[in-house]
Amino acid sequence: MRRRTLARGLAGFWWLTLVFLYLPLAVVVLFSFNSVNSAAHFADVSLRWYHQLLGNAQILSAFRNSLILAIVSSVIALVIGCLIGYGMYRHRHRRLGWLIVLIYLPIVLPDIVFGISEMAFFVQINRATGLLEPGLGTMIIAHVTFQIPFVALIVYSRFVGLDPTLFEAAKDLYASPFKRALHFLIPTLKPALISAFFLSFTLSIDDFVISFFTAGPESATLPIYIWGAIKKGVTPEINAIASLMIGAVLLAALVSLLFNRPRRR
Amino acid sequence: MVESSLTASRRRAVVGETRHLLFSVTPGAAWITVFLVLPSLYLMAVAFMTNGPYGLPEMPLSLDAFRQLAGFGFLGWSPGNLYTLLRSLWQTVVSTALVVVVAYPLAYYITTCRERWRPLMLLAVVVPSWTNQVIRTFGWMNLLAPGTPLSDLAESLGLIGPHMGLYPSDFAVTLGLVYNFLPFMVLPLYAAFEKLDVAQVQAAQDLYASPVRAFRHAVFPQTLPGLLAGTVLVAIPAFGMYVIPELLGGGKSMMLGNLVARQFSGGSNWPLGAAGAILMLLATFVGLYAMRRIGRRLGGGEEVVI
Numbered sequence: 000m001r002r003r004t005l006a007r008g009l010a011g012f013w014w015l016t017l018v019f020l021y022l023p024l025a026v027v028v029l030f031s032f033n034s035v036n037s038a039a040h041f042a043d044v045s046l047r048w049y050h051q052l053l054g055n056a057q058i059l060s061a062f063r064n065s066l067i068l069a070i071v072s073s074v075i076a077l078v079i080g081c082l083i084g085y086g087m088y089r090h091r092h093r094r095l096g097w098l099i100v101l102i103y104l105p106i107v108l109p110d111i112v113f114g115i116s117e118m119a120f121f122v123q124i125n126r127a128t129g130l131l132e133p134g135l136g137t138m139i140i141a142h143v144t145f146q147i148p149f150v151a152l153i154v155y156s157r158f159v160g161l162d163p164t165l166f167e168a169a170k171d172l173y174a175s176p177f178k179r180a181l182h183f184l185i186p187t188l189k190p191a192l193i194s195a196f197f198l199s200f201t202l203s204i205d206d207f208v209i210s211f212f213t214a215g216p217e218s219a220t221l222p223i224y225i226w227g228a229i230k231k232g233v234t235p236e237i238n239a240i241a242s243l244m245i246g247a248v249l250l251a252a253l254v255s256l257l258f259n260r261p262r263r264r
Numbered sequence: 000m001v002e003s004s005l006t007a008s009r010r011r012a013v014v015g016e017t018r019h020l021l022f023s024v025t026p027g028a029a030w031i032t033v034f035l036v037l038p039s040l041y042l043m044a045v046a047f048m049t050n051g052p053y054g055l056p057e058m059p060l061s062l063d064a065f066r067q068l069a070g071f072g073f074l075g076w077s078p079g080n081l082y083t084l085l086r087s088l089w090q091t092v093v094s095t096a097l098v099v100v101v102a103y104p105l106a107y108y109i110t111t112c113r114e115r116w117r118p119l120m121l122l123a124v125v126v127p128s129w130t131n132q133v134i135r136t137f138g139w140m141n142l143l144a145p146g147t148p149l150s151d152l153a154e155s156l157g158l159i160g161p162h163m164g165l166y167p168s169d170f171a172v173t174l175g176l177v178y179n180f181l182p183f184m185v186l187p188l189y190a191a192f193e194k195l196d197v198a199q200v201q202a203a204q205d206l207y208a209s210p211v212r213a214f215r216h217a218v219f220p221q222t223l224p225g226l227l228a229g230t231v232l233v234a235i236p237a238f239g240m241y242v243i244p245e246l247l248g249g250g251k252s253m254m255l256g257n258l259v260a261r262q263f264s265g266g267s268n269w270p271l272g273a274a275g276a277i278l279m280l281l282a283t284f285v286g287l288y289a290m291r292r293i294g295r296r297l298g299g300g301e302e303v304v305i
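Chains F and P, in that order, are what the protein sequence lines are.
With the first letter of the first sequence counted as 1, position 5 gets the number 4 in numbering that gives the first Met the number 0; the numbers rise by one all the way through.
With the first letter of the second sequence counted as 1, position 72 gets the number 71 in numbering that gives the first Met the number 0; the numbers rise by one all the way through.
Here chain P stands alone, though its shape is the one from the complex (with noise of 0.2 Å):
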């Protein structure tokens, strides 16, 4: 008798989390799925449909759109595509190089000055990022336009043909990927320099191992959980680029995120559009998934957060 009371009892506090859990997690939790969930699978089956007349998917499923995406179309196949794919992926693993190479310096250097101006150096550095990204493009357009100082430079050392301008290029699209990413990466590097053991550095030059060996030896691994979370943070978003692109590079120097986006819009084909959709997802999660077994397996262990 008294035990069943009891039994009842807990079941009765069980019932009453579980309708807590379900009162405060629910509203979100249904609007994240309703608002995200269902139209990111909508667009996932979308690719799977054939395009009709006016550009919105019909019945028969395909896979027409991945042909498409790889560069089979009515007239037979062209490396379009293919050269966008490419480019999107070049691009990432420049500009998040470049990235890199600028942001060890940074973070170290920040590091080694007076712990007061410490936040101030931060700050000065992520509040470009604070801006609207299509205003901080525009000024890159400004300062590379044809017949600024820069491009007359650029046209001077023979690097561009006369009133070329230094956009639309490649090239630019590469300066607005590091100009936009350079804040992510410098943040959790600062953060894993703040917390290096610098006696190991000490230890590694008192046995005179050259600036290079020390770094890789002492610094290097240190220093990389906050490496790869600075990847994750630049080289996912920046291969599903479309702002800088679009106002920095034109149409021969479109990115992955530029050919999709234009499936909806003017030459309207929303099922190669979903594909190349499915295809970012898909670089997306290989690229966290990677990211987690690099930092896993080089020791990182539990400090890399993503």
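Isolated chain F, as found in the complex (with noise of 0.2 Å):
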């Protein structure tokens, strides 16, 4: 009797979870779709917001500023974490202590330090050379630093779990280290190469903090272009935009739910 009780109090607790989880999300879509311009007044269903967004230039081109940078970063993230991964697990029996520090360390520092070092960094180097003028360049540089540790820990990971006996195999087959990459590598990489690119892409999709820091006056991506906007308090599209960022995440969810399903089973 009492276990029952405690099984439907975790049952009510879960769903209230869910909730709590998800209310603050349907309310910005919900409200994407009022009539009027207010958080608190639910008007009419309208399409208004969806349509101003088509025409806002700032919006589209900060749109294409995020693409571009979560491609180009990603891509460059890619190669160089993958040879740092190829090489941690080629010398795995040397003392590689340092390497490992300082992979993880873009991974354990705060956010914040982290852009605010680089954008110091950056703007004293501007000043002294003219070089790395605040924009997409620098933070192309500062996502792929944040990106690299993920592509390596991926790749080794999946190198780890490879029989080391392949890699012998695959070098009495082909004499040419640019074959065996060719050959073996790559084709024994793919699934890990493509997974540590979709990770490095959402990774710099999602960012602000390192991004804001490093951006320059017309590099502002989706997610500062919004912070600006919050900030102004002009936010009739905003709702509308980040429904359209939500409904990608869901979607990615669910793509992702169809992909495992059948390994899972």
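It is worth saying that the hints were derived from the structure and are not from the lab.
Positions of the beta carbon are idealized from the N, C-alpha and C atoms, including for glycine.
Be aware that one or more of the hints could be misleading.
Said to hold, decoys possible - Reference listing, derived: stretches of chain P covered by chain F, where coverage requires no fewer than 3 residues with Cβ under 8 Å from a Cβ of chain F: (1) 125-136; (2) 190-198.
Stated by the list, open to error - Incomplete in silico selection of chain P near chain F, CB under 10 Å: (3) W139; (4) N141; (5) L246; (6) A260.
Dock chain to chain to rebuild the complex, using the hints, since each chain is given by itself in its own frame.
Structural data, given as structure tokens:
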């Protein structure tokens, strides 16, 4: 009897938590269809804010910046992270403690310290040499820095999961390191590379703090644009653009669910 | 003769291996060194410089920034910065504790459900955290603003003054932190619960242990690795949080992250901001170290992945 009330209580708690987790997102989506500009009063269903979105050049350019930043930084991080992950695996018997510390540093450093130290550094380099003008370039540099560790760790753990004799076999089969990479390393790494790329991509799209501090006047991404609009108190289209971003995340969740299903069963 | 050629070939192999190591590791190591280690070292140096007229650091080295951080200014001592520090600590402790209290039953409940539902349930907990932090916080601003049902309810209960709204306030910041970090506690706790040895719990129950004692002696030690991993994932980023206090808190609910950020934008004072950043770094590393120690002491052993 007591056990049953416990189970029922837990189930109730679970559903309550789900409400808690999804309520803020639901409110944003709901009010994106509001016909009047109010966060407290829902008047009528309309697509007004979505129409305005298409005419807002700033939002469109922020969207483009977000995409360019995510794609370029992920590609660079994929190449560099992959190399470092392979190096970590091949030389795992050596003492590589310093390398591990270096790789974990971007992960453990608080976002705000990460962003501010890069900003301060870039500003001073820029003052001294004129290089590293704040903008998409500095943002790409910053994003690659926090993406490298994740790519490296994914690639490394993929290698650790492989049979070590495979490497010997590949060495016997293909004489040149280049051919070995082309016919053995890259094909076996393919799933790891794909998931590393998507993780880097989402980390980049999702990032606000580090982007915010390394951005220039022309390189606002979507989160930075939204932040600015909230701060200025001008928010009519924010609900609409935020809803589209929430929709993209839900879509991604659905895709990941579909992909993971058959393997789990 | 034979011997020397052997050592020579071995040396060549070692050189080759080293070249391979350098070739594969150098680009990444150099990238992180140039674009993160050097900037952090520069920031640390800034903390020991003097604030120039334009907010940029200037030369004579001094400990002014740390004195300012402790509250000493032109007008004598003021407690503002100390309050900010204490508030950051307090918010971190309270929100972490609340996250633990919510996450334990959730993680346990997921393990009691049918196996085929569990991935979906975990996904349901994690998906909100995939959305952008700014958007999530904006959602809470909409929910807690004056005139919304939640604020009206709090007002009619006499919790807040009329037309106040639940945000901006310390409460809103705590709520935002709990919301933001809940998944990071549920996941490691779930992993711990999934490996839980049920026989121990049953043994405790057979010996007429009360639910509290059964939890304390049978469940808690087994889920400790998950709890510690979750605490690291929650408390350390919570202490350095910037977005949530900035949006949900306002000036009166500032945390250390906001204090630091402000020194690099509006009221420029880089050395003061850098001193705050050093404090944050210290807190991070002390926190990591402490969790590791506690984990070892309490027998979490190698399972505590930090």
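Hints versus structure:
1. 125-136: holds (count 9)
2. 190-198: With 0 residues in contact (Cβ-Cβ under 8 Å with chain F), the coverage given for the region 190-198 of chain P is violated.
3. W139: holds, 5 Å
4. N141: Constraint on N141 (chain P) satisfied, holds at 5 Å.
5. L246: holds, 7 Å
6. A260: holds, 6 Å
Checked against the numbered hints given earlier, this structure breaks only hint 2.
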